[in-house]
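*Asks:* Position chain B against the provided structure of chain A, taking the given hints into account.
2 protein chains.
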Amino acid sequence: MNIRFYNARILPMTNGVEMLEGELWTEGNKISYIGPSKKDDTVFDREIDCKGNVLLPGFKDVHTHSGMTAFRSLADDTNLQDWLNDMIFPREAKMSGEDIYWLTKLAILEYLTSGITLIGDMYLTPETILDACADMGFRCELVSGLNKFGPTLEVLERRYKELNGKDPLVGFKMGAHAEYTCDKKLLEDLSELIHRYRSPFYVHMSETKAEVEGCRERYGMSPVEFFDTLGLWDFGGSIYHGVWINDKDMEILKKRNISVISNPGSNVKLASGIAPIAKYLEKGILVGLGTDGPSSNNALDMFREMYLVTTLAKVKDYDPKAVPADEVLKMATVNGAISLGHEDCSDLSVGKLADIIMIDLDQPNMQPILNIPKNIVYSGCKSNVKMTMIDGKILYMDGRFEMYGDVSEIYRKCQEITEKFKDI
Amino acid sequence: MNIRFYNARILPMTNGVEMLEGELWTEGNKISYIGPSKKDDTVFDREIDCKGNVLLPGFKDVHTHSGMTAFRSLADDTNLQDWLNDMIFPREAKMSGEDIYWLTKLAILEYLTSGITLIGDMYLTPETILDACADMGFRCELVSGLNKFGPTLEVLERRYKELNGKDPLVGFKMGAHAEYTCDKKLLEDLSELIHRYRSPFYVHMSETKAEVEGCRERYGMSPVEFFDTLGLWDFGGSIYHGVWINDKDMEILKKRNISVISNPGSNVKLASGIAPIAKYLEKGILVGLGTDGPSSNNALDMFREMYLVTTLAKVKDYDPKAVPADEVLKMATVNGAISLGHEDCSDLSVGKLADIIMIDLDQPNMQPILNIPKNIVYSGCKSNVKMTMIDGKILYMDGRFEMYGDVSEIYRKCQEITEKFKDI
Numbered sequence: 001m002n003i004r005f006y007n008a009r010i011l012p013m014t015n016g017v018e019m020l021e022g023e024l025w026t027e028g029n030k031i032s033y034i035g036p037s038k039k040d041d042t043v044f045d046r047e048i049d050c051k052g053n054v055l056l057p058g059f060k061d062v063h064t065h066s067g068m069t070a071f072r073s074l075a076d077d078t079n080l081q082d083w084l085n086d087m088i089f090p091r092e093a094k095m096s097g098e099d100i101y102w103l104t105k106l107a108i109l110e111y112l113t114s115g116i117t118l119i120g121d122m123y124l125t126p127e128t129i130l131d132a133c134a135d136m137g138f139r140c141e142l143v144s145g146l147n148k149f150g151p152t153l154e155v156l157e158r159r160y161k162e163l164n165g166k167d168p169l170v171g172f173k174m175g176a177h178a179e180y181t182c183d184k185k186l187l188e189d190l191s192e193l194i195h196r197y198r199s200p201f202y203v204h205m206s207e208t209k210a211e212v213e214g215c216r217e218r219y220g221m222s223p224v225e226f227f228d229t230l231g232l233w234d235f236g237g238s239i240y241h242g243v244w245i246n247d248k249d250m251e252i253l254k255k256r257n258i259s260v261i262s263n264p265g266s267n268v269k270l271a272s273g274i275a276p277i278a279k280y281l282e283k284g285i286l287v288g289l290g291t292d293g294p295s296s297n298n299a300l301d302m303f304r305e306m307y308l309v310t311t312l313a314k315v316k317d318y319d320p321k322a323v324p325a326d327e328v329l330k331m332a333t334v335n336g337a338i339s340l341g342h343e344d345c346s347d348l349s350v351g352k353l354a355d356i357i358m359i360d361l362d363q364p365n366m367q368p369i370l371n372i373p374k375n376i377v378y379s380g381c382k383s384n385v386k387m388t389m390i391d392g393k394i395l396y397m398d399g400r401f402e403m404y405g406d407v408s409e410i411y412r413k414c415q416e417i418t419e420k421f422k423d424i
Numbered sequence: 001m002n003i004r005f006y007n008a009r010i011l012p013m014t015n016g017v018e019m020l021e022g023e024l025w026t027e028g029n030k031i032s033y034i035g036p037s038k039k040d041d042t043v044f045d046r047e048i049d050c051k052g053n054v055l056l057p058g059f060k061d062v063h064t065h066s067g068m069t070a071f072r073s074l075a076d077d078t079n080l081q082d083w084l085n086d087m088i089f090p091r092e093a094k095m096s097g098e099d100i101y102w103l104t105k106l107a108i109l110e111y112l113t114s115g116i117t118l119i120g121d122m123y124l125t126p127e128t129i130l131d132a133c134a135d136m137g138f139r140c141e142l143v144s145g146l147n148k149f150g151p152t153l154e155v156l157e158r159r160y161k162e163l164n165g166k167d168p169l170v171g172f173k174m175g176a177h178a179e180y181t182c183d184k185k186l187l188e189d190l191s192e193l194i195h196r197y198r199s200p201f202y203v204h205m206s207e208t209k210a211e212v213e214g215c216r217e218r219y220g221m222s223p224v225e226f227f228d229t230l231g232l233w234d235f236g237g238s239i240y241h242g243v244w245i246n247d248k249d250m251e252i253l254k255k256r257n258i259s260v261i262s263n264p265g266s267n268v269k270l271a272s273g274i275a276p277i278a279k280y281l282e283k284g285i286l287v288g289l290g291t292d293g294p295s296s297n298n299a300l301d302m303f304r305e306m307y308l309v310t311t312l313a314k315v316k317d318y319d320p321k322a323v324p325a326d327e328v329l330k331m332a333t334v335n336g337a338i339s340l341g342h343e344d345c346s347d348l349s350v351g352k353l354a355d356i357i358m359i360d361l362d363q364p365n366m367q368p369i370l371n372i373p374k375n376i377v378y379s380g381c382k383s384n385v386k387m388t389m390i391d392g393k394i395l396y397m398d399g400r401f402e403m404y405g406d407v408s409e410i411y412r413k414c415q416e417i418t419e420k421f422k423d424i
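Sequences listed follow chains A and B, in order.
Here the working numbering is used: position 89 in the first sequence is 89, and no number is missing along the way.
Here the working numbering is used: position 278 in the second sequence is 278, and no number is missing along the way.
A couple of the hints might just be wrong.
[Stated by the list, open to error] Distance condition first, Cα-Cα at most 30 angstroms in a straight line; then the derived BS3-like pairs of lysine-lysine: (1) A:209 <-> B:279; (2) A:321 <-> A:248; (3) B:393 <-> A:321; (4) A:422 <-> A:393; (5) A:279 <-> B:209; (6) A:94 <-> B:413; (7) B:422 <-> A:51; (8) B:51 <-> A:413; (9) B:94 <-> B:161; (10) A:422 <-> A:94; (11) A:185 <-> A:94; (12) B:209 <-> A:209; (13) A:209 <-> B:321; (14) B:321 <-> A:422; (15) A:254 <-> A:209; (16) B:94 <-> B:184; (17) B:38 <-> B:94; (18) A:420 <-> A:148; (19) A:51 <-> B:413; (20) A:420 <-> A:94; (21) B:422 <-> A:321; (22) B:248 <-> B:283; (23) A:161 <-> A:209; (24) A:255 <-> A:283; (25) A:422 <-> B:184; (26) A:420 <-> B:321; (27) B:148 <-> B:254; (28) B:420 <-> A:321; (29) B:420 <-> A:51; (30) A:148 <-> A:185; (31) B:94 <-> A:321.
[As the list claims (entries may be wrong)] Sample of chain A residues facing chain B (criterion: CB under 10 angstroms; computed from the structure): (32) 33; (33) 36; (34) 39; (35) 77; (36) 80; (37) 107; (38) 191; (39) 362; (40) 367.
Rather than coming from a laboratory, the hints here were simulated on the basis of the structure.
Here the structure is a predicted model, which is why all the values come from computation and not from measurement.
For each residue, glycine too, the CB sits at the ideal point set by N, CA and C.
For reference, chain A alone in the conformation it holds in the complex:
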């Protein structure tokens, strides 16, 4: 499909939040032209009048657990440990790969409504998450959630080899669940594997104060330091959360080129804390954004995360200038892509993948039009997502899921799955 978008405002995210007016063309799954209105003999399959609405790179939700849609609104307003032990773990133990296939499909629908075009997904059955993404044309990097309860390192290695390249939209990254769910031997073996493949590494880290204190008790240092001594940072990667971080940790993250994926919604809802985002930016550490799973957030909504990441940074330091809107948009698009090695869809430029969203300005919360980037960050919401395109295909437009037909089958399946767990 070759598609021409005309009468567009374009926010390519290639030069801060500088915008231009004109056209954007796609050819197959790539962007083929961005610039002023022009006519040549190119034949398009579809021409879309943007009516002044804004095209920008899709949002990158680089830390989530899609399959946890099963547990939305199941265990809120409770302590984390009660939540995990009483509600989540017994249910997860009974979840099948097929369950997770359907639950991931439900999450994908929601990602599309929020303009999300790439996720980093750590959950139980990467094989069926891959199937869900492939079937729905959704871009995803699967991330291993290795821990001492399973799967084994051999499974991780097999998945790394088999799942990478199985579908052009889906990759697989090495990762572990967290320091506190892995023992030292496992982490050492994992480091050996990472070195063998020269692979970046992804992990939940420094989410709660108790977690960091536990690590200090066990190893006499912070999780960031501990993993550094194990060589786990040698090929880059990301830590998820990074709420409880000191100056020494920051130096290591900077030196090792480790990005921080902040999940502000989850961090406040679970009462974990507020991450030091302004300080990360000051130190030149790359910050991306994630929704975390729908059980701890509970929405998969990048507008919420964008608003939270800046306003929480402001209130944390009593500094209304902290983390301005242009930085937030960069986190939600460019930085997230880079954190997963996806420079190929980080911004809108010719030759990059056509992962594009359109923001509807013709709604009261986007009026008047004085500063569009700030409108998006401070007043935007899911209702403003007029279109979500991944890999050159329009998957969501004007409230409808163009490619999927009737999605109520997905709702029905997921309801059935959650009701299976009722009596646990």
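*Replies:* Showing chain B alone in chain A's frame:
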């Protein structure tokens, strides 16, 4: 108009978050029936199949400054004082009543998209705000923003007498801008007026630490104490913000039956702080919610405020149990109405005003359906507002503003107004 809503889930907010399934009928501007499906010889002008979607009382945004839509995205990521002095005050000085009429209309469109059916609006020209609300069929309590720069006490009294009762949808309340913008003599005179009319009283209070410290320097006590000594609390009312409050203040608020209207979005964006909501609830102080103005928030979105009020309370005290979803829904509906003396539209019961919204469950962020109140508070967003009815009239449905025809004229007017200020 008599309208029958059938196949509905109903969350009347009359008994916590207990729900029922059945029908809701309206007759003129009131609710005439709520209960199981039934048939009698009532003739309806319209029958709406809710398809299992949820009817609940409209949200009450009880502290806002609608006319500040002119300043959306104008002055973010700056210090409050720079923002006010350099950007806002010079523009406000040039705003006409007609400007505010149009800017308020724009805000009303956004309120409707967010399921807001009542606002408490403190802004410059109550007369034209009243006109905007009356023309759009929108319910509003105007609140005086008296301060030492104007208007006079005489104007306040005249407005109180003339504007109350001028339109059945609009009332006028006595109030002042803030302690720091009024001198003592003015507040004493105001207290005299309040006593004459036995009127509740509304004011910005304890929003920032500096404000409270300033008051202590001027009068040797907190703003809450100071106003108590002046008798300003003698007939109830609300304080807006209430971020910096001590135990003694709380005792006074409780004793004087003063509610706190929390504006969490504005408080974090302006880096004012996080209000002690859990403590207010513990003390039995009524808490309502407001968006504050679109220049300091910047959206007029009660879903955002609901999510923020609970998650900020959780992270403030590191307590994930703080301020559970049922309390939040009560704040956003019942409590807000009570704070403005509007028991007549606080919940869904027979005889009350038909200020009703419908939440669309047929969207990915509302699935699966395990706990609807938690779905609304933790995953809900504007996209889920399927209908907003005020005073028995459907003003917004399925993304369209049924009563107003083409709303682009409002956008155009507001854009024109903001461009007038360009060169200030």
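*Asks:* Would you list, in rising numerical order, the hints stated earlier that this structure does not obey?
*Replies:* Going through the list in order, the structure violates hints 3, 4, 6, 17, 23, 25, 32, 33, 34, 38 and respects the others.
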